[in-house]
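Participant: From first to last, the protein sequence lines are chains F and Z.
For the first sequence, the numbering used here gives the first residue as 10, with consecutive numbering after it.
For the second sequence, the numbering used here gives the first residue as 21, with consecutive numbering after it.
Heads up, a few of these hints could be off.
Said to hold, decoys possible - Sample of chain F residues with no beta-carbon within 10 Å of chain Z, all distances over it, derived: (1) Lys22; (2) Ser36; (3) Ser74; (4) Val122.
Said to hold, decoys possible - Label-pair distances were calculated between CB atoms; the ranges are: (5) F:Ala89 x Z:Thr71: 35 to 43 Å; (6) Z:Ala37 x F:Arg72: 42 to 50 Å; (7) F:Ser36 x Z:Lys76: 28 to 36 Å; (8) F:Ala89 x Z:Asn22: 25 to 33 Å; (9) F:Phe69 x Z:Glu89: 29 to 37 Å; (10) Z:Ser99 x F:Gly12: 41 to 49 Å; (11) Z:Val102 x F:Val122: 30 to 38 Å; (12) F:His19 x Z:Thr91: 32 to 40 Å; (13) Z:Arg128 x F:Gly67: 22 to 30 Å; (14) F:Pro79 x Z:Ser34: 36 to 44 Å.
In case anyone wonders, no lab produced these hints; they're calculated from the structure.
The structure displayed is predicted, hence computed values, not measured ones.
Just so you know, even glycine gets a beta-carbon here, dropped at the ideal spot from N, CA and C.
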Amino acid sequence: ETGVTQSPTHLIKTRGQQVTLRCSSQSGHNTVSWYQQALGQGPQFIFQYYREEENGRGNFPPRFSGLQFPNYSSELNVNALELDDSALYLCASSMDLVNTEAFFGQGTRLTVV
Amino acid sequence: GNSVTQMEGPVTLSEEAFLTINCTYTATGYPSLFWYVQYPGEGLQLLLKATKADDKGSNKGFEATYRKETTSFHLEKGSVQVSDSAVYFCALTPNTGGFKTIFGAGTRLFVKA
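Make the full structure from the sequences, and use the hints.
Facilitator: As structure tokens, this is what we get:
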């Protein structure tokens, strides 16, 4: 049990739709990162938020966006869904930027049809 | 750029066999190195970590030593159990702050009774 929870656990969307995935971090964790894990692959870094501001971004298009809230929750939004967006989406939280240990949620399995 | 390469799976072993999963990395400076484990249907769990050269991380019978000279962080266990069946990810976090963790592709381990 990492104390990081994600919702929903599974989701099916149609190509072109928009989706919002949610993550609740451990209390006191100021940093959250989101990852995309395609089937059979390692997680790929999407972006990181620190104290409600984006702190870094991986190689993902602007239709992937995020928010972090003062209550240690965060969202990943994906617009104009494509079939290749089907993946497990993981969030990971950490106490601060200098603490390199990340605590992962169980993930949201998104299927785009 | 930073990258992680780990041996391809699946790796199939009998119970009580010796396990080695190779991992090499490319990074500037001295990154922190990690092994994560992912059980079926779950998110990632930190297995062990090492933050500087020659450090040995260990947990649940697994060990890995940070080898700067060979840029390696191989995972070992002397006697595997059926319950160790999972996917193992080698990862690094650059020492530039934050935790934009970079993962290898993962190695699936099957342990037969």
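Participant: Each hint should be assessed against the structure and marked as holding or not.
Facilitator: Each hint, compared with the structure:
1. Lys22: Given a closest Cβ separation of 20 Å, the condition holds.
2. Ser36: holds, 18 Å
3. Ser74: Fine: 17 Å to the nearest Cβ keeps Ser74 of chain F off the interface.
4. Val122: holds, 21 Å
5. F:Ala89 x Z:Thr71: 35 to 43 Å: holds, 40 Å
6. Z:Ala37 x F:Arg72: 42 to 50 Å: At 46 Å between Cβs, range holds.
7. F:Ser36 x Z:Lys76: 28 to 36 Å: Once the Cβ atoms are compared, 32 Å apart, the range 28 to 36 Å for Lys76 of chain Z and Ser36 of chain F holds.
8. F:Ala89 x Z:Asn22: 25 to 33 Å: holds, 30 Å
9. F:Phe69 x Z:Glu89: 29 to 37 Å: Check passed, 35 Å falls within 29 to 37 Å.
10. Z:Ser99 x F:Gly12: 41 to 49 Å: Since Ser99 of chain Z and Gly12 of chain F have Cβ atoms about 31 Å apart, the given range 41 to 49 Å is violated.
11. Z:Val102 x F:Val122: 30 to 38 Å: holds, 36 Å
12. F:His19 x Z:Thr91: 32 to 40 Å: 38 Å Cβ-Cβ, so the 32 to 40 Å window holds.
13. Z:Arg128 x F:Gly67: 22 to 30 Å: holds, 24 Å
14. F:Pro79 x Z:Ser34: 36 to 44 Å: Given range 36 to 44 Å: violated, Cβ gap about 52 Å.
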